[in-house]
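Visitor: First to last, the sequence lines map onto chains A and B. The opening position of the first sequence corresponds to residue 1 in my numbering, with each subsequent residue numbered one higher. The opening position of the second sequence corresponds to residue 447 in my numbering, with each subsequent residue numbered one higher.
Source of the hints: derived by calculation from the structure; they are not laboratory data. Be aware that a few hints might be false.
Cut-off 27 Å, straight-line C-alpha distance, at most; resulting in silico cross-link-like pairs (DSS-like, lysine-lysine) [unchecked claim]: (1) B:K559 to A:K364; (2) A:K397 to A:K441; (3) B:K559 to A:K397.
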Amino acid sequence: MPEKDKIRFREFDFSTKLDLNIDILHHTERIVKGLISQRDPSIQWVFQPYVDALEEMSEAIREEQPIVYHNFTVLPELIYGMGIIPYHHEMLAFICPTEYFAAYKDLSFTHNTPEHLCSLLSGTLGIALSDGLSKPDAMIYASHPCDSGVATCQALAEYYGVEPFIIDSPYDDSREAHDYVTRQIKECVTYLEDKIGKKVDMNVMREAVRRSDRAHELLYYINEMKKKTPCPIPSSIILRSVSVAMWGMVGSQETVAWLERFLEDAKERAERGMGGRYEEKLRIAWIYTFPTFDPAIFEWMEARFGATSVIFQGAEHMYWPTYKPLRRPCYDYSLDELCAIMADKSLNTPMARQARGHFDYFIKDVVHWCREWKIDAAIFSGHIQCKSNWSSAQLAKEVLMDELGIPTLIYETDIFDPRVTSAEKTVAYMEPFLEMVAEKKLFEAF
Amino acid sequence: MTALEEIFELSSSNRNSAVKAWKENGGKMVGYWCSYIPCELIHAAGLFPYKVKGLNANGTSRAEVYLTPVCTCKWSRSIVQLAYDAEYGFLDGLVGMNQCDHSRRAHEFWVRKIGVPFDHFVAVPHKMETEAALEWYTKGLLDLKNHLEDHFHAPITSDALIRSIDLFNENRLLLKELQACMKDKDPCIRGSDLHKVIIAGVSTPPERYNNLLKRLLKEIKERKSTTDYRARIMICGWCGDDTTLRTILEDLGALVVADNSCFGTRDYWDLVEVEGDPLDSIARSYLNRTPCPRMMDGFARRLAFTKEMVEQFAVDGIILSRIQFCDLHGIDEFNFKLRENFLGVPVSSPLIQEYGSQDIGRLKTRCEAFIEQIEKR
Chain A
1 MPEKDKIRFR
11 EFDFSTKLDL
21 NIDILHHTER
31 IVKGLISQRD
41 PSIQWVFQPY
51 VDALEEMSEA
61 IREEQPIVYH
71 NFTVLPELIY
81 GMGIIPYHHE
91 MLAFICPTEY
101 FAAYKDLSFT
111 HNTPEHLCSL
121 LSGTLGIALS
131 DGLSKPDAMI
141 YASHPCDSGV
151 ATCQALAEYY
161 GVEPFIIDSP
171 YDDSREAHDY
181 VTRQIKECVT
191 YLEDKIGKKV
201 DMNVMREAVR
211 RSDRAHELLY
221 YINEMKKKTP
231 CPIPSSIILR
241 SVSVAMWGMV
251 GSQETVAWLE
261 RFLEDAKERA
271 ERGMGGRYEE
281 KLRIAWIYTF
291 PTFDPAIFEW
301 MEARFGATSV
311 IFQGAEHMYW
321 PTYKPLRRPC
331 YDYSLDELCA
341 IMADKSLNTP
351 MARQARGHFD
361 YFIKDVVHWC
371 REWKIDAAIF
381 SGHIQCKSNW
391 SSAQLAKEVL
401 MDELGIPTLI
411 YETDIFDPRV
421 TSAEKTVAYM
431 EPFLEMVAEK
441 KLFEAF
Chain B
447 MTALEEIFEL
457 SSSNRNSAVK
467 AWKENGGKMV
477 GYWCSYIPCE
487 LIHAAGLFPY
497 KVKGLNANGT
507 SRAEVYLTPV
517 CTCKWSRSIV
527 QLAYDAEYGF
537 LDGLVGMNQC
547 DHSRRAHEFW
557 VRKIGVPFDH
567 FVAVPHKMET
577 EAALEWYTKG
587 LLDLKNHLED
597 HFHAPITSDA
607 LIRSIDLFNE
617 NRLLLKELQA
627 CMKDKDPCIR
637 GSDLHKVIIA
647 GVSTPPERYN
657 NLLKRLLKEI
667 KERKSTTDYR
677 ARIMICGWCG
687 DDTTLRTILE
697 DLGALVVADN
707 SCFGTRDYWD
717 LVEVEGDPLD
727 SIARSYLNRT
737 PCPRMMDGFA
747 RRLAFTKEMV
757 EQFAVDGIIL
767 SRIQFCDLHG
777 IDEFNFKLRE
787 NFLGVPVSSP
797 LIQEYGSQDI
807 GRLKTRCEAF
817 IEQIEKR
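Work out the full structure: start from the sequences and follow the hints.
Guide: Structure, rendered in structure tokens:
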């Protein structure tokens with residue numbers, strides 16, 4: 001097993017030919033549950049969103065509900081609000097075992113999909129082409145955050161012969177832009193009514209939106225806790241779970257319950273002055289994505305440099321600068337009002353907010369996070385297929401140094417596929433950078 | 447100079463004779479990135495609408511500081527490099543849009559790092575067939591109109607818009623007439639030359655260009671026809687302003703008779719139909735034109751258009767082409783391959799080009815193999 005500084009990295013076997021025609025949903029479910037059961041019982045709750053998301057997909061199939069796909073910038077509260085369970089087709093690629101993910105990704109290329117498509121979506125298409133997804137009855141795709149999503153929507157629509165509902169994303173953040181999306185979400189409700197054969201129940205929709213608001217509120221408080229030193233939430237393990245809970249299941253009671261537990265845990269740790277396993281010496285911001293295939297990378301950072309990963313754009317909904325806790329408590333909103341609330345969230349969901357429009361959105365958010373969370377260094381782990389955000393990397397680096405004196409490491413990776421940049425190679429990129437940051441901090445202390 | 451020679455000159459450089467003449471007369475020019483920006487609006491303000499291109503860029507090293515070669519297409523990088531090298535110093539303005547992730551960022555960096563006297567951004571919808579999208583696009587064009595008027599002190603009247611629509615519609619009809627020549631068994635123009643005609647068109651004031659096209663249509667009928675070719679090819683996808691692929695195919699003995707691409711038929715096939723307010727008419731017509739793969743509800747239309755072209759131009763085979771890193775055309779190729787049987791002719795595997803003629807050897811091999819595949823049918 002590869003290791004560095006006594007930290008062991010995951011070992012993958014990409015040489016074995018996998019049977020891709022298996023029931024990948026149930027296979028993943030079995031593996032995830034098995035791995036979680038091997039964990040210390042006190043931290044098993046951390047992984048609950050994976051189990052919830054997979055069980056929801058199984059339930060949607062078992063109950064013979066209409067299958068509704070949504071890309072990650074279409075928050076699923078809209079689908080929960082229609083009284084059905086969303087089918088997390090992209091999430092399955094996100095959660096499935098890495099070797100399978102890589103094999104599905106490769107398979108999609110043999111069917112003429114472009115190798116520079118976002119690998120999450122190549123993996124999703126690979127699963128679809130292996131009949132690993134249930135055929136959708138409806139699909140909702142937003143045109144943000146990127147061309148890969150725009151393209152994948154068309155591939156899935158054509159492959160399954162399903163007419164998708166498209167939410168066109170405006171480039172700016174004006175009132176008119178929000179109204180435009182609000183109008184489309186309202187049209188989407190009509191589309192869903194038609195596709196699933198039932199009218200919207202306003203009380204169910206209100207409840208889904210209320211739960212989503214509550215989830216965002218909880219996450220806001222969790223992120224506020226991270227401003228403490230040491231950071232009470234060493235992010236290394238929980239990052240992916242946040243992504244699943246928010247992108248996949250926001251609007252569900254499961255996400256609310258999990259975030260409540262998460263916040264309680266964070267509060268308790270903060271009160272006891274607890275950080276991670278290692279003393280916090282450096283506070284790191286992952287200003288874009290992070291390698292999802294091996295949490296040992298974070299452990300190595302902590303063990304070797306005391307570098308705690310405090311914030312992460314992609315999963316933590318750090319955007320919520322416009323946090324609005326004061327919604328009307330009785331939740332008697334009209335459909336128009338609910339659609340406006342959902343539009344606001346969809347446009348501001350992580351990555352969507354930073355990638356859909358002008359690069360200044362990304363730059364401003366990055367500066368905000370790094371300033372507010374007292375960050376020592378930033379890392380841009382550039383997902384090699386991500387055209388819009390890659391083009392903001394160098395500018396972010398310059399602005400962070402100019403405005404805050406914070407250095408940034410930019411490196412190439414595929415955040416899902418270790419064959420591009422392995423864990424060992426990732427830490428090899430990081431080592432001289434973090435050494436420099438540690439020396440800089442030491443120098444500044446004198 | 448024959449019309450075709452004049453066209454070759456206009457298409458071969460960014461600062462061509464039309465640009466020089468326009469600037470010498472004190473004219474203003476506004477660049478634009480994509481054919482979803484209506485030239486009519488720019489022209490009606492008395493400006494020369496000029497589509498930016500990556501022709502003759504001397505590497506892309508300066509552009510790469512921000513537009514990483516890891517995943518940014520070389521066309522966008524080439525354009526920004528040309529801007530860095532002051533090759534586009536003649537532009538008095540630039541209109542960007544969310545055409546794709548590459549070009550929108552390229553536009554932003556051009557504006558931020560190099561600067562341009564006037565810049566405007568239009569958020570063009572990614573769908574065609576809804577009232578909401580049409581209203582959004584119309585509002586975007588109205589904002590562009592107001593901004594152009596303010597900046598250039600040039601009122602854009604309805605009459606001026608109608609005149610510009612008529613002029614560009616005449617241009618489209620002339621190009622369609624030229625394209626119709628490709629229906630002949632022995633066409634009087636080669637596909638690679640036709641591509642240069644189109645490149646010249648987006649770099650020339652429409653008045654001069656229309657006269658040139660009329661001359662060309664007379665001249666080419668006296669030209670020797672192309673005979674004894676090996677196969678009639680249609681190109682679907684992105685070649686942009688790079689004629690390399692067409693030239694390779696024709697050097698190998700094939701003939702490019704049709705296309706479904708920008709810098710091709712998609713640019714001119716659909717006229718602006720005036721019904722009521724001219725700005726509304728422009729918005730409606732542009733949004734509903736034969737769509738680019740950026741339009742998420744557009745594949746059925748692209749497929750139908752391609753099928754129509756195959757039949758009208760007696761196409762023997764379709765080459766799917768894209769520039770490296772273009773996800774939009776990349777997935778279109780997946781979809782076209784899914785529908786190969788419907789199209790009824792061989793469809794190549796995706797052929798990926800490195801913009802700027804640097805991979806001619808590889809392209810030649812792929813093209814030769816495809817032509818042989820057609821010949822063996």
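Visitor: Look at each hint and say if it fits the structure.
Guide: Cross-check of the supplied hints:
1. B:K559 to A:K364: Given that 27 Å is the threshold and the Cα spacing comes to 17 Å, the pair holds.
2. A:K397 to A:K441: holds (18 Å)
3. B:K559 to A:K397: Satisfied, since the Cα-Cα distance of roughly 15 Å is no more than 27 Å.
Of the numbered hints stated above, none is contradicted by the structure.
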